[in-house]
Amino acid sequence: MSGQTQHCKSGSKGIRLCLSLMIGACLLLEAALVSPLSAAPLLRHEAPAVAVDDGRYDVALGFFERLFKRRSRKKEEEKTKRTKKPVRRAGPVKPVISTVSKDPDAAVIAVFGDEFGQDIAWGLKDAFSQVPDVKVEIHAKPSSGILYNSSRNVLKDPEALFDSKPFSFAVVMVGLNDRIKMPAKKDEEGAQIYPAYDFKTDGWVRSYGREIDRLRLAFALQDRPVFWVGLPPVGSKKLSTDLRYLNDLVASRLTERGERFIDVWDAFADEEGNFSYRGPDLTGQDRRLRQGNAIRFNKAGRRKLAFFVEKLVVRALSQSVAEDVLPDNLASADEAALREGRGASRDIFVLRKPPLDSDKLVKPVALAQPSDAANKGAPVTPSSLSVPQMRVDNFSWSDSR
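Last residue of the sequence shown? That's 521 in the numbering used here, and every number before it is there in order.
Hint data in this document are derived by calculation from the structure and do not stem from the laboratory.
Heads up, some of the hints might be wrong.
Simulated pairs of lysine-lysine, DSBU-like, Cα-Cα distance not exceeding 30 Å [what the hints assert, rightly or not]:
| id | residue 1 | residue 2 |
| --- | --- | --- |
| 1 | Lys-419 | Lys-358 |
| 2 | Lys-285 | Lys-320 |
| 3 | Lys-320 | Lys-358 |
| 4 | Lys-214 | Lys-357 |
With the hints as constraints, model all of the structure from the sequences given.
Here it is in structure tokens:
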């Protein structure tokens, strides 16, 4: 009985100790929150005293937190800010495209431009990934353009790149970031040649036309085919209107000089000519072609976009050099070289063989069997060919007896 009494007494002492600690912590916290100046009664004409932050509040609060193993909301927020990683804007991920080894003398497709130029370059890289005769070099830079931040774009001074990076074909797709004020032009001495112009004004149109001509001349001096691709519709109606305006401006500048402009607008628009996320892919299946930002292309869209240039490159590199199949924008020197059988001298290589004549399909000489004693030294005739029975090009007589 005495043991139980002693145990109860020790338990009571523990409870009283905990209560004393809790009461002491509360009193300490109250003393920190209420300063002596603020607790004293105010006289009628006295100004209220300002409590001095001497750290008692933090000491008491820290003791209170350690006692109950809790943290204040303020400290929890500070800890979250310290441990929280900065959120990065999700940009386009460079696709992984498996390619075969390219021949040392492979034809080079050099792609220039902005975000759209990057998309068509990835599509072309995918299109020719298994062709050793063609390789794609990407010189397109996002957030750049002919005017906007042109220091990042080689289109500002393309001649400097041409010497170190020769090409067989050039692809240009640019303009998304050029809807800005045209900066003033000055000469080497600092004298102003023409002032700055706002977008779509007459002065802006004239200045932008001069920039287009500057690029045309730079590529023309390389004597290589140039494929200038138009801009597609996007999700924003205002932006789409501006891009269509740039398309009309560039197209008129090129076509009036006998050069070709590849218009891809309708291929990525609905029946009314407006933006559409979906559309037929290269196989004719309805698929999503654009990314969530309603500007960039996804894999299927990039592949479809590249097809407009791919088919022209294939035709230019084909052995078939009849006049009616030569692309309109093939350089005259290349055109003559192809007709004369000198395509390799101008870096124009063969991608595929021309189709066989129909008589070669009906009478394939390769099927003749010279080891047959009956045919040794004899001319090859349809009856002497090894052709399976019942095939349409088997002209041999069969003895039905």
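- [ ] Starting from the hint list further up, note which numbers the structure goes against and sort them upward.
- [x] 2
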